[in-house]
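A.B. asks: Each chain, letter by letter, is given below.
Protein chains: 4
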Amino acid sequence: MTIKILITGGTFDKDYDEVHGALFFKDTHIHEMLRLGRCRLDVKVRSIMMVDSLEMTEEDRELILRNCRKAPEERIIVTHGTDTMAETARVLGEAEVAKTILLTGAMIPYAFGSSDGLFNLGSALSFVQVLHHGVYVAMNGMVFPWDNVRKIRQLGIFEKVR
Amino acid sequence: MTIKILITGGTFDKDYDEVHGALFFKDTHIHEMLRLGRCRLDVKVRSIMMVDSLEMTEEDRELILRNCRKAPEERIIVTHGTDTMAETARVLGEAEVAKTILLTGAMIPYAFGSSDGLFNLGSALSFVQVLHHGVYVAMNGMVFPWDNVRKIRQLGIFEKVR
Amino acid sequence: MTIKILITGGTFDKDYDEVHGALFFKDTHIHEMLRLGRCRLDVKVRSIMMVDSLEMTEEDRELILRNCRKAPEERIIVTHGTDTMAETARVLGEAEVAKTILLTGAMIPYAFGSSDGLFNLGSALSFVQVLHHGVYVAMNGMVFPWDNVRKIRQLGIFEKVR
Amino acid sequence: MTIKILITGGTFDKDYDEVHGALFFKDTHIHEMLRLGRCRLDVKVRSIMMVDSLEMTEEDRELILRNCRKAPEERIIVTHGTDTMAETARVLGEAEVAKTILLTGAMIPYAFGSSDGLFNLGSALSFVQVLHHGVYVAMNGMVFPWDNVRKIRQLGIFEKVR
Chain A
1 MTIKILITGG
11 TFDKDYDEVH
21 GALFFKDTHI
31 HEMLRLGRCR
41 LDVKVRSIMM
51 VDSLEMTEED
61 RELILRNCRK
71 APEERIIVTH
81 GTDTMAETAR
91 VLGEAEVAKT
101 ILLTGAMIPY
111 AFGSSDGLFN
121 LGSALSFVQV
131 LHHGVYVAMN
141 GMVFPWDNVR
151 KIRQLGIFEK
161 VR
Chain B
1 MTIKILITGG
11 TFDKDYDEVH
21 GALFFKDTHI
31 HEMLRLGRCR
41 LDVKVRSIMM
51 VDSLEMTEED
61 RELILRNCRK
71 APEERIIVTH
81 GTDTMAETAR
91 VLGEAEVAKT
101 ILLTGAMIPY
111 AFGSSDGLFN
121 LGSALSFVQV
131 LHHGVYVAMN
141 GMVFPWDNVR
151 KIRQLGIFEK
161 VR
Chain C
1 MTIKILITGG
11 TFDKDYDEVH
21 GALFFKDTHI
31 HEMLRLGRCR
41 LDVKVRSIMM
51 VDSLEMTEED
61 RELILRNCRK
71 APEERIIVTH
81 GTDTMAETAR
91 VLGEAEVAKT
101 ILLTGAMIPY
111 AFGSSDGLFN
121 LGSALSFVQV
131 LHHGVYVAMN
141 GMVFPWDNVR
151 KIRQLGIFEK
161 VR
Chain D
1 MTIKILITGG
11 TFDKDYDEVH
21 GALFFKDTHI
31 HEMLRLGRCR
41 LDVKVRSIMM
51 VDSLEMTEED
61 RELILRNCRK
71 APEERIIVTH
81 GTDTMAETAR
91 VLGEAEVAKT
101 ILLTGAMIPY
111 AFGSSDGLFN
121 LGSALSFVQV
131 LHHGVYVAMN
141 GMVFPWDNVR
151 KIRQLGIFEK
161 VR
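Protein chains in written order, with this note's numbering: chain A, 1 to 162; chain B, 1 to 162; chain C, 1 to 162; chain D, 1 to 162.
Calculated from the structure, these hints are not laboratory results. Check the hints yourself; a few may be wrong.
Copies of one chain are not kept apart here, so a pair can be met inside one copy or by any two copies together.
Within a straight-line C-alpha distance of at most 20 Å, the following computed SDA-like cross-link-like pairs (lysine to any residue) qualify [to be verified]: (1) Lys160 <-> Thr2; (2) Lys151 <-> Glu18; (3) Lys99 <-> Val130; (4) Lys70 <-> His132; (5) Lys160 <-> Gly134; (6) Lys151 <-> Leu36.
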């Protein structure tokens, strides 16, 4: 079983730009994280964009959907900014792809050391192996179906809508 | 759904003793790890011992089994040193407790920063929510049934026996 | 001998704001850094502002100067953003205060873990104990007199002007 | 001005051995630490041994002394385990080499992330540039002459003898 990881950016992969003193995207940290976690799964990584999820457009979401569809793998993780993760989940969910697709991300950049990203990656990689076809959000150690999840921005957590 | 976490020690919880320049057990890091991972699951933690798994006795394993049996929770994670994790899994597996029990641990102490512990904890907490009753080892992003797992000590990884 | 540390902000003390996904100032990390470094010097810390050095005004610099003058201590460290550190050094230097004053800072926020801040703090606290009266910049393990230092912004380093 | 750094081991350079679950010496971390600290000094590093300072013999100390003598550099830092740092300082001090020699080390291995090593390295590199000929211990942000320093082992700190 091969798992595809699609990289789209988000807090997960933010780095610190010393010259401008701001956060920016350089490369994905996913390979280093898989190595630190000593992951032994058969994983294929593909970076399809590097954007803040607040700046993600409908075209971006269509591109993510197309990548999910055309991937030969049946099990897919999408790393994604948390602010609009639920919206992208809805686009993927309504498309009814016959695959198991999990969106995950982080509240703190991995480069900050104290990231929740490593925890979430371990969680998403585990859920994706055992859940039935469908689109889910994996955050906070929990898994949410795409049509029953929202982020509470002020608290930085995800919860069920109903 | 409440998840019980039973702490038994292992590399997971090793700390650095400055006075003697050696590794030792102080307290479990599990609460800090759950906080870093922003875990929002209903989790109950119980420390039942703090030992190196190479020094774990049959009495210790019986104590872990008794704790699994008497816990009101149906879903249980046991943090454990990796060297004899497969042996403890066998003791628990042969006892046929009607619960979902996952053993997990770390190759590097959490206190070292670069630990695989955070990744494994995210993984174990996810598997334990969805797997059927049985005893499993969750390491390297993978899950192994208790009767088909061994550690390759020189490589520091787990694999199927057959 | 008591050493005064005046906090003015800069990269040194930037934190990550999870709600807005940006860098901001919360509190100074200086106490935690002194504790990590196991510093046993008699140190008094005073936060006088929390600003990006690019946004520092002449009034801000006058305030720093007044704080250097009125401090009962003869040895003073000023933590400062690196972008205009040399300019503030000039203001303090031209004022000819009969004290030993060192400016230091960091290229990477302490909160990022891989900061140069801890190294620079150890350096500044050492230089300040032994240098004669004057105003200096302590960065890159080196010490520069206030009238012979500039930052090469694209490289993120300090060097002598002549 | 070139500064020689002589590596002798100690907590500074302890690593975690995953196979045996113990601390051991692999390579020195000094190059990575100089890079993190963005040190721009002209530094030459030489590893002469990798030992626990509790296991350091008189021959080892003679070897350190010979290396101090034969080094072309006039300014030397010796990284050293803290437990017998004061003893080695005495051997070097009584030899009356006409150089500035500083011993420094760490209470926590650099590999643990929360090390005092980075702070101490910044401190030692600064003191060594400005102090007169003599042998000193640089720990806790302070500098001690070789004939007036001892470690209080239970507290993990250094203090003057009189």
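A.B. asks: State for each hint whether it applies.
C.D. replies: Against the structure, the hints:
1. Lys160 <-> Thr2: between (30 Å within a copy, 17 Å between copies)
2. Lys151 <-> Glu18: Intra 31 Å, inter 13 Å, cutoff 20 Å: inter-copy only.
3. Lys99 <-> Val130: both (12 Å within a copy, 18 Å between copies)
4. Lys70 <-> His132: Within. Shortest intra-copy distance 19 Å satisfies the 20 Å Cα cut-off; inter-copy 32 Å does not.
5. Lys160 <-> Gly134: Cα proximity of lysine 160 and glycine 134: one copy only (16 Å, versus 29 Å across).
6. Lys151 <-> Leu36: between (28 Å within a copy, 18 Å between copies)
Of the numbered hints stated above, none is contradicted by the structure.
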